[in-house]
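**Student:** With chain A held as given, fit chain B with the ligands onto it using these hints.
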Amino acid sequence: MKAKQKLIVIGNGMAGIRTVEEVLKRSPEAYEITVFGAEPHCNYNRILLSPVLAGEKTLKDIVLNDDDWYWKNGITLHKGKTIVAIDRRRRLVRTEDGLETPYDRLLLATGSNPVIIPFPGKDLPGVIGFRDVKDVDRMVDAAEKYRHAVVIGGGLLGLEAANGLRKRGMEVTVVHILDSLMERQLDKPASALLKRALEQDGLRFMMEAQTEALLGEDRVRAVRFKDGNEIPADLVVMAVGIRPNIELAKAAGLHCERGIVVNDTMQTYDPRIYAVGECVQHRGQLFGLVAPLFEQAKVCADHLVEFGIARYQGSVTSTKLKVTGIDLFSAGDFQGGEGYEELCYQDPARSVYKKLTVRENRVRGAVLYGDTGDGAWYFQLMREGTDISAFRESILFGQAHLGDSGHGDQNRASLLPDDAEVCGCNGVCKKTIVDAIVQQKLFTLEDVRAHTKASASCGSCTGLVEQLLHSTLGSDYSVTPAKKPLCKCTERTHEEVRAAIRREGLKSIPAVMQFMEWGTVDGCASCRPALNYYLLCEWPAEYRDDAQSRFINERAHANIQKDGTYSVVPRMWGGVTTPAELRAIAEVAEKYRVPTVKVTGGQRIDLLGVKKDDLPRMWADLNAAGFVSGHAYGKALRTVKTCVGQEWCRFGTQDSTRMGIDLEKMTWGSWTPHKFKMAVSGCPRNCAEATIKDFGVVAVDSGWELHVGGNGGVKVRATDFLCKVETEEQVKEYCGAFMQLYREEARYLERTAPWIERVGLPYVKQRIVDDAAGRQTLFQRFMESQVTAQVDPWAERARGAERNEFQPIRIDRKGLAA
Amino acid sequence: MSDWIEVGLLADIPRQGARVLQSPRGPIAVFRTVEDEVFAVLDRCPHKGGPLSQGIVHDRKVACPLHNWVIDLAAGEAVAPDHGCVNRFPVRLDADRVFLQLAEV
Ligand code: SRM
Ligand SMILES: Cc1cc2nc3c(=O)[nH]c(=O)nc-3n(C[C@H](O)[C@H](O)[C@H](O)COP(=O)(O)OP(=O)(O)OC[C@H]3O[C@@H](n4cnc5c(N)ncnc54)[C@H](O)[C@@H]3O)c2cc1C
Ligand code: SF4
Ligand code: FES
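In order, the protein sequence lines correspond to chains A and B. If you count the first sequence from 1, position 260 lands on 260 in this note's numbering, and the numbers rise without skipping. Numbers in this note's numbering are just positions in the second sequence, counted from 1, shifted up by 818.
No lab work stands behind these hints, which were simulated from the structure alone. It is possible that some hints are incorrect.
Some chain A residues near chain B, calculated using beta-carbon distances under 8 Å [as the list claims (entries may be wrong)]:
id, residue
1, Thr472
2, Leu473
3, Val521
4, Asn559
5, Arg813
6, Leu816
In silico lysine-lysine, DSS-like type, Cα no more than 27 Å apart, as pairs [claimed, not checked]:
id, chain 1, residue 1, chain 2, residue 2
7, B, Lys866, A, Lys665
8, A, Lys81, A, Lys488
9, B, Lys866, A, Lys81
10, A, Lys188, A, Lys250
11, A, Lys488, B, Lys866
12, A, Lys431, A, Lys81
13, A, Lys441, A, Lys507
14, A, Lys611, B, Lys866
15, A, Lys431, B, Lys866
16, A, Lys79, A, Lys4
17, A, Lys167, A, Lys122
Sample of chain B residues facing chain A (criterion: CB under 7 Å; computed from the structure) [as the list claims (entries may be wrong)]:
id, residue
18, Val825
19, Gly826
20, Leu839
21, His901
Cβ coordinates follow ideal geometry from the N, Cα and C atoms, glycine included.
In isolation and in its complexed conformation, chain A is listed as follows (with noise of 0.2 Å):
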């Protein structure tokens, strides 16, 4: 056994303990870690110090890892301890105190300090600026012991200073260089209405004021401005910036500008040390908010346990001011500007104004105030760069506009009372949920996922639950990396998984794994279904299909039940069936004893509890009555819904159910990222509903009109209306060319409606319609695949492929049974 590598943190904060946590999430045992944090606390929630200024939180609230937390993960914590030198040749650290030790990795964490403006009398008693505890401390006695408090700087920093010491009690001046508060977040109208509402509240500005000195004797008195003016002050909090803490990276060489400067890796300029936090400068940036904070420590993490594969790249981040009552959030280019359009709405009575910049119909920027409950919706509009032509002239009314039940009113997560259900799926409560994140230090989406399984289903209720957590933790700090990797395994993305096979010409599971540099043995029971399907997509010829990387269902043919029976839908042609399959249908289930016969809502028959050693021996009966399997357990083409059209109604166009019978023929056994449902309804009236269905023909006069998109089930959408064709076969051509398209971009579990909200309708309409040699060729690859698709996986079992699968093994006190 090697010896266990030393890693050294300098800085107790939120960057440096974080990337300590994902190291641990990564590699518990790969390194003896020890901690140096010059405050003398354990990890805090910085963030919170303004609640915690306001009254409104207490120190103990805020704290996030405990002595507890750092003794049970064998972590040498020294607090109130100051690192005065690195001396890199040795490899070791040095204390005030003298005290040396020696690191393998260095990490440095050191966050920042707040600029303090060189005025005549800045070190006097009194002035301060707002960092840490000790500062927060400090403000509070003043606020016991006296009455004028003046904040320099006017950004959200400032202003959740001034807000604090109002409640505390004080009269507070806020005194801003310029001519409008928040200027890098918001725009004049906003900054206006949020001036007026800080006002009402009883805080004083000066606007547009130039300090020149602070005045007193022992203590500061009066803050005095270049135009003479003075103002009394026993209290001067500047709020002014801050400025990365890089002075013992300068002093040990390191290469630093700005901020101590590192790579894509998170690496200084000595690879055995690394930076994360408000200390670093990324490709010319510093940083000032956690969410790209975290963002780092995951990376920086990777590299620190040799996973080795990510790189950060960056991050989009958004703001909120955390003053009680005022409700603002902004994020992006909100400023618009040459090439922007703006969508505006405002209305004065309520104080509620709301603006986004957008460009090629995708959002940019957003300022949101008085109403910010769409907040995360529009960032995730933004980073996702979704097309929002189809809901435009609805955008600014908010998301509970579009009908989305699930996600409801944004707002109303805060007025929710404990015991409303958030999660319908998992039976989630409000209070489990806020509870959790308060009890458990919760931050992102993910950890209430993982913690109280809230939105870890069908991801309707994310809404609220994003709601939640930005009600209870009052900061902005919840959102989910930009860059959504495939699952927990990699940092890679599917895209980015499926480039590489296409490139690399990888063609199999572990093939994929080892080239992407996978952080487990073998995955994961996300990310494997998901690589088979795109090794098999790719690759139709070729892949052996791995089905020990499928769901169960997938790889019984046949859907699990609550009580481990199977289900059993045999295929019965766009709906159509004879007196002889019924017949056959009801022999097997009374010679298999099946205790439920339904009828689906895809028009055909469920016969359910069939124990699964009798499935081969039941399909070779349902094979010998002509029947094939349904698919009704795979993510591939499930039904297509026919109504019966021109032959017996009197309203009928154009053959229904013939068109749907031909395209389930055609499209069977093909495997899709998500279940794909088709329907053909004979006339308008749509009987077959084929407006909620992935692929939907609708039959008119003169020909056949093609939708897009739609969805029944969680989120209802209706499709997309793509154009009308004039023959049946191209009827078929514009779907297998559809379908080939959805197979080959969209993301495993990916429905087609979620699929086609993401990269737009004038997209799939330019690959379809206006790309006629491009339809064909996918046409084509879509047919290509189809020749090996297309073998029934029930009569290959019925003839005794994968036996093992069904066969249970008997054995008895002495060993195998007879």
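**Tutor:** Using the frame of chain A, we list chain B with the ligands on its own:
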């Protein structure tokens, strides 16, 4: 101490998969990991009794097919944040033959 009984060949269990043993103790799931380690647990998920043998096996873990709890087979426990234990049975490999004891650990 009960005796070791032979339950078949390693090759009878799919790698990254499982077989169900119908035993006097009820259904037992016998797993084989990607590295050919073998584990046996009672085929009942601590959550709502789902058949663990039907789950996706990865590393030394299995994801229950019903609601996706992940069970660590070596520890015999659900992976955090879920809580619960499974009954494990001792297993032993002798060359390519798999032996099991019906007493639980
Ligand atoms: C059997 C059936 C209900 C019935 O008795 O009618 C059914 C049963 C199940 N549905 Fe369904 N759905 C059935 C028609 C539908 C329909 C209606 C339709 O297809 O016209 C819908 C809404 C339409 C749609 O999908 O857009 C529907 C939307 C869902 C959803 C939500 C999908 C979504 O995108 O929001 C799920 C959950 C999922 O897939 O993750 C689901 C999942 C399920 C599962 C597979 C749940 C599960 O994982 O065990 C159920 C399997 C039961 C079984 O063992 O057979 N089922 N399900 C229907 C089978 C149709 C068939 O012949 O294949
Ligand atoms: C009042 C306030 C409100 C905020 N609100 C928000 C918000 O709403 N949203 C948001 O995203 N961000 C907010 N922030 C910013 C956020 O807190 C910081 O981005 C984050 O804490 C930075 O983390 P860090 O680890 O880089 O630095 P820190 O958390 O400051 O940690 C650095 C630690 O290193 C220690 N240290 C420094 N040098 C040494 C040394 N030589 N030896 C030993 N220890 C040393 C320091 O004492 C400090 O404890 C707020 C900040 C403040 C002060
Ligand atoms: S709606 Fe569908 S998923 Fe829900 S209980 Fe019914 S069959 Fe099951
Ligand atoms: S029964 Fe296993 S996760 Fe629910």
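**Student:** If you take the shortest Cβ to Cβ gap from valine 825 of chain B to chain A, is it below 7 Å?
**Tutor:** holds (6 Å)
**Student:** Can you verify the interface hint for histidine 901 of chain B: is its Cβ closer than 7 Å to any Cβ in chain A?
**Tutor:** Violated, about 11 Å.
**Student:** Regarding the pair lysine 81 of chain A and lysine 488 of chain A, is the alpha-carbon distance no greater than 27 Å?
**Tutor:** violated (36 Å)
**Student:** Going by Cβ atoms only, is leucine 839 of chain B closer than 7 Å to chain A?
**Tutor:** holds (5 Å)
**Student:** Sort out whether lysine 507 of chain A lies within 27 Å of lysine 441 of chain A, counting only the CA atoms.
**Tutor:** violated (42 Å)
**Student:** Can the hint on glycine 826 of chain B be confirmed by a CB-to-CB distance to chain A that is less than 7 Å?
**Tutor:** With a minimum Cβ separation of about 6 Å from chain A (threshold 7 Å), the hint on glycine 826 of chain B holds.
**Student:** Lysine 167 of chain A and lysine 122 of chain A: Cα distance at most 27 Å?
**Tutor:** Distance ~25 Å between lysine 167 of chain A and lysine 122 of chain A Cα, so the pair holds.
**Student:** Using the nearest Cβ pair, does valine 521 of chain A come within less than 8 Å of chain B?
**Tutor:** holds (5 Å)
**Student:** Would the pair lysine 79 of chain A and lysine 4 of chain A pass a check requiring their Cα atoms to be no farther apart than 27 Å?
**Tutor:** holds (23 Å)
**Student:** Just to be careful, I want the Cα atoms of lysine 611 of chain A and lysine 866 of chain B compared with a cutoff of 27 Å; is the pair within it?
**Tutor:** Holds: lysine 611 of chain A and lysine 866 of chain B sit about 19 Å apart, inside 27 Å.
**Student:** With a cut-off of 8 Å on the beta carbons, see whether threonine 472 of chain A makes it to chain B.
**Tutor:** This hint is violated: threonine 472 of chain A lies away from chain B, its Cβ roughly 18 Å from the closest one there, beyond 8 Å.
**Student:** Would the pair lysine 866 of chain B and lysine 81 of chain A pass a check requiring their Cα atoms to be no farther apart than 27 Å?
**Tutor:** violated (50 Å)
Figure legend: structure checked against the earlier numbered hints; hints not met, in rising order: 1, 2, 4, 7, 8, 9, 10, 12, 13 and 21.
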